[in-house]
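**Student:** Sequence:
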Amino acid sequence: MKTVSRWFQRNLIRIYAVVAFTYLFIPVAYTFAFSFNDSAKSNLVWKGFTFANW
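Residue numbering for the sequence shown follows the working numbering, starting at 24 and increasing by one per position.
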């Protein structure tokens, strides 16, 4: 049990950093992916691939 606790204490900042960066980059990845969507009104439904927005 001590080894698990010691491992968790040593790696807590790394785990926190991975979770924080994942939380921050999910909206960026979502915006990037849906900027290629060929939708006129709503961007929630994938209509097709386009470069018109770029």
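Hints are computed from structural coordinates only; laboratory data are not their basis. Be careful, since some hints might not be right.
To be verified - Label-pair restraints from in silico Cβ distances:
#, residue 1, residue 2, range
1, T26, A75, 54 to 64 angstroms
2, A43, G71, 44 to 54 angstroms
3, I36, V68, 33 to 43 angstroms
4, I49, F72, 17 to 27 angstroms
5, D61, S28, 50 to 60 angstroms
Predicted model only: the values in this text are computed from it and were never measured. The beta-carbon is built from N, C-alpha and C at its ideal position, and this holds for glycine as well.
**Student:** Is 50 to 60 angstroms respected by the C-beta to C-beta distance linking D61 and S28?
**Tutor:** With Cβ atoms ~52 angstroms apart, the hint holds.
**Student:** Confirm or reject the claim that I36 and V68 have a C-beta distance inside 33 to 43 angstroms.
**Tutor:** 40 angstroms, holds
**Student:** Could you say whether the range 44 to 54 angstroms given as a hint is met by the Cβ separation of A43 and G71?
**Tutor:** The hint (44 to 54 angstroms, Cβ to Cβ) is violated, given that A43 and G71 are roughly 34 angstroms apart.
**Student:** For the range 17 to 27 angstroms, tell me whether the beta carbons of I49 and F72 fit it or not.
**Tutor:** At roughly 21 angstroms between Cβ atoms, F72 and I49 fall inside 17 to 27 angstroms, so the hint holds.
**Student:** State, for the Cβ atoms of T26 and A75, whether the hinted interval 54 to 64 angstroms holds or is violated.
**Tutor:** Holds: the Cβ-Cβ distance is about 56 angstroms, inside 54 to 64 angstroms.
The earlier numbered hint that this structure contradicts is number 2, and it is the only one.
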